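Asker: Single-letter residue listing:
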Amino acid sequence: MRPVAPDSLDTGLMRNLQKWNLSLPAALAVLLLLVVPVAATFTTTFLQPQGIFAPYLAFFNSGFRRTVLWRTVEVAIITTILSLVIGFLTAYVISKVPGKAKSVMIIAAVFPLLTGVVVRSFAWMIILGKNGILNDFLIWTGLIDAPLAMLYTEGAVIVAMVYLFVPLMILTLVGVLDNIPKDVIEASISLGASPASTFRQVILPLSVPGLIVGAVLVFTGSFTSYATPQLLGGERQMMMGTFLYQRAMVTFDWVGASTVAAIMVVVTIAIVLVMGRIARKLNPMAV
Amino acid sequence: MTVSLDIDNIAAHYGSTQVLKDLSLSVKAGELVSLLGSSGCGKTTTLRLVAGFLTPTSGTIRLGDRDLTRLPAHQRDIGLVFQNYALFPHLSVLDNVAFGLKQRKIEPAERTRRAKAMLDRVGLSDFADRLPGALSGGQKQRVALARALVIEPPLLMFDEPLSNLDAKLRVDMRVEIRKLQRANGTTSLYVTHDQEEAFSISDRVAIMNAGRIMQLDAPEVLYQRPANAFVARFVGFENLIPMTVKARDGAKVSAEAPGGAVLTLSEAEFGPIPDRFVLATRADGLSVQHEGAGIPVELGLRTYLGRAYQYETRSSAGSLIANGSLAEPFTTGDRAVLVPKPEQCCILKPEA
Amino acid sequence: MTDRIHPLLAVFAGLVFIFLVGPLVIMIGASLSDTNFLTFPPRGLTLHWFTHIFEVTAFKTTAITSLQLAFAGTFLSLLFGIPAAYALNRFRVELPSWLSTVYVLPILIPEIVFGFSLMKSVTIDSGFPVGLTLLIGHALLVLPYSVRVVSASLAAFDFSIEEAAISLGSPPLKTFFTIVLPNIRAGVIAAFILAFITSINDVSVSLFLTGPGISTLPIQILAYMEQFFDPTMAAVSVLLMLLTVGVMAIVEATLGLTFLTK
Numbered sequence: 001m002r003p004v005a006p007d008s009l010d011t012g013l014m015r016n017l018q019k020w021n022l023s024l025p026a027a028l029a030v031l032l033l034l035v036v037p038v039a040a041t042f043t044t045t046f047l048q049p050q051g052i053f054a055p056y057l058a059f060f061n062s063g064f065r066r067t068v069l070w071r072t073v074e075v076a077i078i079t080t081i082l083s084l085v086i087g088f089l090t091a092y093v094i095s096k097v098p099g100k101a102k103s104v105m106i107i108a109a110v111f112p113l114l115t116g117v118v119v120r121s122f123a124w125m126i127i128l129g130k131n132g133i134l135n136d137f138l139i140w141t142g143l144i145d146a147p148l149a150m151l152y153t154e155g156a157v158i159v160a161m162v163y164l165f166v167p168l169m170i171l172t173l174v175g176v177l178d179n180i181p182k183d184v185i186e187a188s189i190s191l192g193a194s195p196a197s198t199f200r201q202v203i204l205p206l207s208v209p210g211l212i213v214g215a216v217l218v219f220t221g222s223f224t225s226y227a228t229p230q231l232l233g234g235e236r237q238m239m240m241g242t243f244l245y246q247r248a249m250v251t252f253d254w255v256g257a258s259t260v261a262a263i264m265v266v267v268t269i270a271i272v273l274v275m276g277r278i279a280r281k282l283n284p285m286a287v
Numbered sequence: 001m002t003v004s005l006d007i008d009n010i011a012a013h014y015g016s017t018q019v020l021k022d023l024s025l026s027v028k029a030g031e032l033v034s035l036l037g038s039s040g041c042g043k044t045t046t047l048r049l050v051a052g053f054l055t056p057t058s059g060t061i062r063l064g065d066r067d068l069t070r071l072p073a074h075q076r077d078i079g080l081v082f083q084n085y086a087l088f089p090h091l092s093v094l095d096n097v098a099f100g101l102k103q104r105k106i107e108p109a110e111r112t113r114r115a116k117a118m119l120d121r122v123g124l125s126d127f128a129d130r131l132p133g134a135l136s137g138g139q140k141q142r143v144a145l146a147r148a149l150v151i152e153p154p155l156l157m158f159d160e161p162l163s164n165l166d167a168k169l170r171v172d173m174r175v176e177i178r179k180l181q182r183a184n185g186t187t188s189l190y191v192t193h194d195q196e197e198a199f200s201i202s203d204r205v206a207i208m209n210a211g212r213i214m215q216l217d218a219p220e221v222l223y224q225r226p227a228n229a230f231v232a233r234f235v236g237f238e239n240l241i242p243m244t245v246k247a248r249d250g251a252k253v254s255a256e257a258p259g260g261a262v263l264t265l266s267e268a269e270f271g272p273i274p275d276r277f278v279l280a281t282r283a284d285g286l287s288v289q290h291e292g293a294g295i296p297v298e299l300g301l302r303t304y305l306g307r308a309y310q311y312e313t314r315s316s317a318g319s320l321i322a323n324g325s326l327a328e329p330f331t332t333g334d335r336a337v338l339v340p341k342p343e344q345c346c347i348l349k350p351e352a
Numbered sequence: 001m002t003d004r005i006h007p008l009l010a011v012f013a014g015l016v017f018i019f020l021v022g023p024l025v026i027m028i029g030a031s032l033s034d035t036n037f038l039t040f041p042p043r044g045l046t047l048h049w050f051t052h053i054f055e056v057t058a059f060k061t062t063a064i065t066s067l068q069l070a071f072a073g074t075f076l077s078l079l080f081g082i083p084a085a086y087a088l089n090r091f092r093v094e095l096p097s098w099l100s101t102v103y104v105l106p107i108l109i110p111e112i113v114f115g116f117s118l119m120k121s122v123t124i125d126s127g128f129p130v131g132l133t134l135l136i137g138h139a140l141l142v143l144p145y146s147v148r149v150v151s152a153s154l155a156a157f158d159f160s161i162e163e164a165a166i167s168l169g170s171p172p173l174k175t176f177f178t179i180v181l182p183n184i185r186a187g188v189i190a191a192f193i194l195a196f197i198t199s200i201n202d203v204s205v206s207l208f209l210t211g212p213g214i215s216t217l218p219i220q221i222l223a224y225m226e227q228f229f230d231p232t233m234a235a236v237s238v239l240l241m242l243l244t245v246g247v248m249a250i251v252e253a254t255l256g257l258t259f260l261t262k
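Protein chains in written order, with my numbering: chain A, 1 to 287; chain B, 1 to 352; chain C, 1 to 262.
Bound-form chain A, shown alone (with noise of 0.2 Å):
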């Protein structure tokens, strides 16, 4: 670590002034006008006449609600270890492919994360609605004989959340695999280690702290979304999202509101302290 000299007067004054001026005022707009709200909203579930926890307790004692936040964890769940495996298998392969064909592959991945949410969402409508490509297909094929219900349905938010979060895992781990030294992996076969053992061996290991950013970014992403259970899951399969935007706009239950926000919150930031720890623990390369 370099040593911080003691500037002169008023050089010292200068750097001072300066470094505050420049990187106070973003940061007092997200202190003001972003975490003073959110604790305001977290504030206000605390502060009912029922008792602190009124709110919370009545959250969980309602099997409605419960049902939301279980199928929500279990989407969410779900989503990421698909977005996993499908991602880290994709984004293995990108990374192997030479030039030209990877900058194709990488186009591929790109549009669609640059394509919005309910674009996206919207695509999934036309493939599982009753009348949609997928029963059209299925119907010829002969496999059924009438139109399965396939919208609102848990599978069908699946479906298009991993369709959502597929690209972003791809791009993040192509980063990572690409991180790798080429030669670490020559080291790896000219050992001996067959192209299966170095990527059980040496491949898959130095990814775990890219795979466990992109858990997290999957994780938190289909936990708190909002688009896609709205247009694939609709009222049948509320999910803690729709749930949010269905008891302040709908119901102007401001409380209520504020408490699934805050649960949403809190399971945010338990899921990337716990996954921090387990990167930590599985990170073999922190010392």
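The set of hints was computed from the structure by calculation and includes no laboratory data. Keep in mind it's a predicted model, so treat the numbers as computed, not measured. The reader is advised that the hints may include incorrect statements.
[Claimed, not checked] Example chain B residues on the side facing chain A (calculated, C-beta under 8 Å, incomplete):
#	residue
1	Ala51
2	Ala73
3	Leu80
4	Phe88
5	Arg147
Note that the Cβ used here is the ideal one computed from N, Cα and C, for glycine as well.
Start from chain A and add chains B and C according to the hints.
Answerer: Same frame as chain A, now just chains B and C:
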């Protein structure tokens, strides 16, 4: 069981660019051969072909009686030491060294024993449980060396193994590499761009340029008797004077340099002299004299080398560098003649 | 000369790419269908649904709002974010370490929670106009991209050349614009694009900050879908995709797409 490495007529291409042209090279059993050249000369490509990371477009590579040419890299059984060490950052020093043994299905207790013994040989027993990230550059390179040696490969290959180390460590490490290689008698191929390193460590050195081997010989031969102008320049012959024979009188040959200066050379001293040739010498190979049968020059900048004065000179044959004795200093602007010393000159074929 | 990929793995990757691109292709097809319900493959080809978009005034007004928001929000985020990124890199050891966490809070806090809280505290409790709150929401939402992407550029910037310029007599502010900014141009462009795309596609923050008077395009699409399920939606989606293609072309031309994996 030491075996030889035989590279026969291999060519390699990157896309449509040919980077190796029908290269042949034999490393005898137990011998250490270096590939020496500047970047892009094809030395690393050669090593990667032998390692199996590249496939030659033609030719064969044999190690003892095994044909490696189409063998997958992980089945070649070659110990490789990389420039950037290429240690597995997620494995302890011990596990790094044991990695190759694990692939060979050696049972855990035995591989730990062998890996520890090898760490002991490179003086890193105390670091067995550390991660590579916690080691210095020299220690990392020792681990890399141990990792390559512990599998007792029939062939060891080094890809610029010392270029990331500081000067002092570089010298220590190359002595250590040489000792370990000698002790095991492992056939070795060593790639470097550092001439001193190649000459000090090798039994033979192949000087490469543009995908070809220009000369393959013992360091002493390369240093004293370069076979062509490229190698001569490479090993530090500052003066390459193209000459044309004008007259022959028995063993005496009169040859003319560009600009008209005529030298009389004796085939008894210089060896056979063709009609057109290049006279190659280092600065030490030209003596600076007031008069005599030599190339007349005007002396330019004089620098002090400790054992001699070095002069930049201008002659009708171009700029030449010569070393003069400390006893008789000349000054800038003096006129003098440069007389070639036969034992320090080479007669080379003219360049194309 | 590249390592081989197991054929099964290659097939798998192929399927993944079909999975990624297929739905978008289907949507393009559906947008061209000469039927008043969504179907694929399209039956009869028509551009009717694309012209229909422009007959629905709500799409036009919300599209304009979305573009305005994206430009203004991104601009604000850069205005605040670039100085912050500069300070983080220039005075690294002198600034408290939690500061860099503060800048990325908008992506750590769930968007929908942020949107809801903004509506409740800033609009309802403090009486800010909805439009202004919407702008604040978007600017904050994309601030992390501005700070982090520009920061990544600055991390590779050698501040001694800034000192060299100052020692040669260039005043600090001028030095920033003539020496620092040109060297982090790629980062600023990248930040702009990421922020812009995030803003224009945002649903969760805008959700609570739109209403009868003001709305964004994605929210309008959601509202439209609750009433109609005709190819207009597919046509709007295709137009948004074309916008994305345009942006990607700019990215490719300026930075190369591979920067996105870094």
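Asker: Would you settle whether the hint for B:Ala73 is holds or violated, based on the nearest Cβ-Cβ distance to chain A being less than 8 Å?
Answerer: B:Ala73 check passes; min Cβ-Cβ to chain A is 5 Å, inside 8 Å.
Asker: B:Ala51 was flagged as interface toward chain A. Is the shortest Cβ-Cβ separation under 8 Å?
Answerer: It holds, given that the least Cβ distance between B:Ala51 and chain A is near 6 Å, below 8 Å.
Asker: Per the CB criterion, is B:Arg147 less than 8 Å away from chain A?
Answerer: Holds. Min distance 7 Å.
Asker: With a cut-off of 8 Å, does the beta carbon of B:Phe88 approach a beta carbon of chain A closely enough for the hint to hold?
Answerer: holds (6 Å)
Asker: B:Leu80 was flagged as interface toward chain A. Is the shortest Cβ-Cβ separation under 8 Å?
Answerer: holds (4 Å)
Hint compliance for this structure: every hint is met.
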